[in-house]
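Given the coordinates of chain A, work out where chain B should sit on it, guided by the hints.
Protein chains in written order, with the working numbering: chain A, 1 to 410; chain B, 1 to 410.
Quick caveat, the hints were computed from the structure, so don't treat them as lab data. Being a predicted model, the structure only gives us computed values, none of them experimental. Where hints are given, some of them may not hold.
[Stated by the list, open to error] Calculated cross-link-like contacts (lysine-lysine; reagent style BS3-like; alpha-carbon spacing at most 25 Å):
1) B/Lys6 <-> B/Lys279
2) A/Lys310 <-> A/Lys4
3) B/Lys42 <-> B/Lys79
4) A/Lys310 <-> B/Lys310
5) A/Lys38 <-> A/Lys6
6) A/Lys310 <-> B/Lys4
7) A/Lys6 <-> A/Lys110
8) A/Lys115 <-> A/Lys6
9) A/Lys24 <-> A/Lys231
10) B/Lys6 <-> A/Lys279
11) B/Lys310 <-> A/Lys115
12) B/Lys310 <-> A/Lys6
13) A/Lys4 <-> A/Lys42
14) B/Lys6 <-> B/Lys82
15) A/Lys110 <-> B/Lys310
16) A/Lys279 <-> B/Lys4
17) A/Lys4 <-> B/Lys279
18) B/Lys110 <-> A/Lys310
19) A/Lys310 <-> B/Lys115
20) A/Lys24 <-> B/Lys6
21) B/Lys24 <-> A/Lys279
22) A/Lys6 <-> B/Lys279
23) B/Lys310 <-> A/Lys4
24) B/Lys115 <-> B/Lys279
25) B/Lys172 <-> A/Lys310
26) A/Lys4 <-> A/Lys24
[Stated by the list, open to error] To spell it out: a stretch of chain A is covered by chain B in this simulated footprint if at least three of its residues, at any positions, have a beta carbon under 8 Å from a beta carbon of chain B; those stretches are:
27) 183-197
28) 240-253
29) 281-294
30) 301-312
[Unchecked claim] Computed spacing ranges between beta-carbons, pair by pair:
31) B/Asp269 <-> A/Ser345: 43 to 49 Å
32) B/Gln174 <-> A/Lys398: 34 to 40 Å
33) B/Arg322 <-> A/Lys110: 50 to 56 Å
34) B/Glu350 <-> A/Asp49: 51 to 57 Å
C-beta atoms are modelled at their ideal positions from N, C-alpha and C, and glycine is treated no differently.
Number of protein chains: 2
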Amino acid sequence: MDDKIKIGLIGFGCVGQGFYDIVKAESLPFEIRSICVKSRDKQRSISADHFTYQYQDIISDAEIEVVVELIDDSEAAFKMVKQGLIAGKKVVTANKKMVAEHLEELMALKENGGKLWYEAAVCGGIPIVKTMDQFYNHEPIQEISGIFNGSSNYILSRIESDGLDYQQALKKAQELGFAESNPLLDVGGYDTMNKLVILLCHAYGITTTPSSLSTVGIQNISTQELEFAQKRNLKIKLVATAIRNHDQVHAFVMPSFVERTHDLSQVNDEFNAVLVRGKYTDDHLFTGKGAGGAPTAASVIADIYATVGKPDYDYYKWHDERDLAYSNELVLPIYLRYNHPDELSEFGFEHIWRHQQNENGNYVLGKISLDNLWSLNAFIEERGLIAVSASLLQQPQKLFDKKAQEKLVV
Amino acid sequence: MDDKIKIGLIGFGCVGQGFYDIVKAESLPFEIRSICVKSRDKQRSISADHFTYQYQDIISDAEIEVVVELIDDSEAAFKMVKQGLIAGKKVVTANKKMVAEHLEELMALKENGGKLWYEAAVCGGIPIVKTMDQFYNHEPIQEISGIFNGSSNYILSRIESDGLDYQQALKKAQELGFAESNPLLDVGGYDTMNKLVILLCHAYGITTTPSSLSTVGIQNISTQELEFAQKRNLKIKLVATAIRNHDQVHAFVMPSFVERTHDLSQVNDEFNAVLVRGKYTDDHLFTGKGAGGAPTAASVIADIYATVGKPDYDYYKWHDERDLAYSNELVLPIYLRYNHPDELSEFGFEHIWRHQQNENGNYVLGKISLDNLWSLNAFIEERGLIAVSASLLQQPQKLFDKKAQEKLVV
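Chain A on its own, in the form it takes in the complex (with noise of 0.2 Å):
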């Protein structure tokens, strides 16, 4: 009898491992007919035998039904995948940068029975994208927050409960194996982009590319913004945001202000979490580690399950419902800590409620477009400023209004 899935699995890292060793563990239909892996050098726990260095033998192995792309490369994996979909094979990736970036060329690529998924992508083993899919297909989104990324995350409930600095907190996360050795991708909040990315196309029908919105990470955060919401009683955390506002969704990855009440508030350390409001089933939160081997290997075993016995992604929205068009045009409540003034008249604040400027520091409270502030992105990396949204708390305007504020302040 050999009704086993036949698989190519490209990638043998974290995941590719945690993969593997969940397939022999839990005896699963699953044949692994090939792994290709770079480097045939690298001391590995199984034997070279299994090893391919070559990824167009797996695509070109008539025998394998699925390959799943479990490298970190998203270029490379790009070529693979788009390779794969054209030769009609069904392909399983957690690759989310390259998924976003091109997710709309890949849903094109389909004419030859290839099939795409991708739940590892976005928040590892939380089933977010499944049920972004296939029940909140016809559920019209109000908004969607999270948070997205573990190391990020981490990072911030080590400087909130132990008192750490950024650069102390970040070392901590590495040591652990929580925050790669060049962390831009986590603290930039390009990770998490990444995967909202991703999920505005289940939820909102839209298309478009990471670089086209805004992003601020953390990796700036001083002990300034920190007080800040300390005395607030506010905790900060890197957030995910789309809004949907009649026929306009707006998006955006930035450090929020986050009331204790909140939901977001008490997702701590790896943890991830999105929190999905729709106008019938009002808020859902799905929290859950949204990454490590072994829970980013379970939704790459329920996506081969799926993409072998099921259709495809319904992509509803994004086929039968186009009302919806992207926008920056929103109007946001920010904190903005600067250096020298001069920095600050770029931002072209549209009003400022407050403006502290100091040798205790100098930031503004006031609102900005999104749009300014997308073009400011990478100014705000380079010159090390950062920039905190207050459009999660429930009166942001108890932020900026100076009695209110008075007594706030210890």
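The following block gives chain B in isolation, referenced to the frame of chain A:
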């Protein structure tokens, strides 16, 4: 053009009306051809010519593809759903009691092309049935614990936050429409158990009936155990639990002590939550409103699209992984408050750590088999006793250890 999905709706209460309203408001491609209701005389928001009073009119209408069953009476619903499936209809229901009591029989009635979907039956708008069936279908589930009944959780929240006693809190819940005039289905734990039984099938491949499993409600809760919990900084929640232990699965519904750091302790008011602990996925928490017209109707709508466009539920673990058996052979740490000493002798505690019997009240802290507890469910209910599980506590022995306890008691 007439590619609308033709629907026969049975029931026009809170959820039925909510469903009807969404279909109208969102211009969904549904045609509600006929609505079956029981009473001819009731005042309704739409004109009488929409209605029929014979459900057979709907079953025998060859044009109707999907039957949406949203009535309260579970036995009447069973008859209708059964006939619908035999007639090859796709049936969507929110009737948890009906599904829980008859799932195995209903699963066998699909040879004529009938399909049965029931997302709305478990925690209203929270998409847990589909997710359990389609995402966790190959994940070994270690444990499920959850708050599945909004009325009971609302009552317990009012007791805890507002210092009401049980009767006052119940009255408030009834005034707000969160509890039925006969609230026993909710507060007695039966509604919670119905939902747990449905999940047992998808999570573990086990079909059983609600009456075979131990169900203790909150209706006999008194200030004695509320103070006991408060002194130890614990909350009491009505919790559904399923635990896997090698090839056995145990399940019970019971008031449970919960530490304030536990995810379920944050779930208050009418909210529901499901905590799923997978071997590989680790802990996932899903929270949202578990009831109400619009959230529940949103699940009905998702089911209609699913039943029309997709294969049936997988029931993978039920069909292919029949390696687990249900068993009540579990020893549970519990708190039991009793009134008279002769009641205690009925329980057959396996071990008693602490026994208080004085003017401050009578209780036992000890270990009891789930099987014993199950056989005493009716006795507990009738005699006004209450049992509270300590199985969710990280260190249940702390409740029992005299030294640790003395420190805890103020």
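How the hints compare with the structure:
1. B/Lys6 <-> B/Lys279: It is violated: about 42 Å lies between the C-alpha atoms, which goes past 25 Å.
2. A/Lys310 <-> A/Lys4: It holds: about 16 Å lies between the C-alpha atoms, which stays within 25 Å.
3. B/Lys42 <-> B/Lys79: Distance ~23 Å between B/Lys42 and B/Lys79 Cα, so the pair holds.
4. A/Lys310 <-> B/Lys310: 7 Å, holds
5. A/Lys38 <-> A/Lys6: Status holds; Cα separation ~21 Å.
6. A/Lys310 <-> B/Lys4: 23 Å, holds
7. A/Lys6 <-> A/Lys110: This hinted pair holds, its Cα atoms lying about 20 Å apart.
8. A/Lys115 <-> A/Lys6: Measuring from Cα to Cα gives roughly 15 Å; hence the hint holds.
9. A/Lys24 <-> A/Lys231: Violated - the C-alpha atoms of A/Lys231 and A/Lys24 are around 52 Å apart, more than 25 Å.
10. B/Lys6 <-> A/Lys279: Answer holds: B/Lys6 to A/Lys279 is near 24 Å, not above 25 Å.
11. B/Lys310 <-> A/Lys115: Roughly 16 Å between the alpha carbons, so the hint for B/Lys310 and A/Lys115 holds.
12. B/Lys310 <-> A/Lys6: 24 Å, holds
13. A/Lys4 <-> A/Lys42: 29 Å, violated
14. B/Lys6 <-> B/Lys82: 19 Å, holds
15. A/Lys110 <-> B/Lys310: Given that 25 Å is the threshold and the Cα spacing comes to 19 Å, the pair holds.
16. A/Lys279 <-> B/Lys4: 23 Å, holds
17. A/Lys4 <-> B/Lys279: Holds, because 23 Å separates the two Cα atoms, which is no more than 25 Å.
18. B/Lys110 <-> A/Lys310: 19 Å, holds
19. A/Lys310 <-> B/Lys115: With Cα atoms ~16 Å apart, A/Lys310 and B/Lys115 stay inside 25 Å; holds.
20. A/Lys24 <-> B/Lys6: 47 Å, violated
21. B/Lys24 <-> A/Lys279: Measuring from Cα to Cα gives roughly 14 Å; hence the hint holds.
22. A/Lys6 <-> B/Lys279: 24 Å, holds
23. B/Lys310 <-> A/Lys4: 23 Å, holds
24. B/Lys115 <-> B/Lys279: 31 Å, violated
25. B/Lys172 <-> A/Lys310: Cα-Cα ~47 Å, so violated.
26. A/Lys4 <-> A/Lys24: 13 Å, holds
27. 183-197: Result for this restraint: violated, n = 0.
28. 240-253: violated (count 0)
29. 281-294: Answer holds; 11 residues pass the 8 Å Cβ test.
30. 301-312: holds (count 7)
31. B/Asp269 <-> A/Ser345: 43 to 49 Å: Holds, at about 48 Å.
32. B/Gln174 <-> A/Lys398: 34 to 40 Å: 36 Å, holds
33. B/Arg322 <-> A/Lys110: 50 to 56 Å: 36 Å, violated
34. B/Glu350 <-> A/Asp49: 51 to 57 Å: For B/Glu350 and A/Asp49 the Cβ distance comes to about 55 Å; the hint holds.
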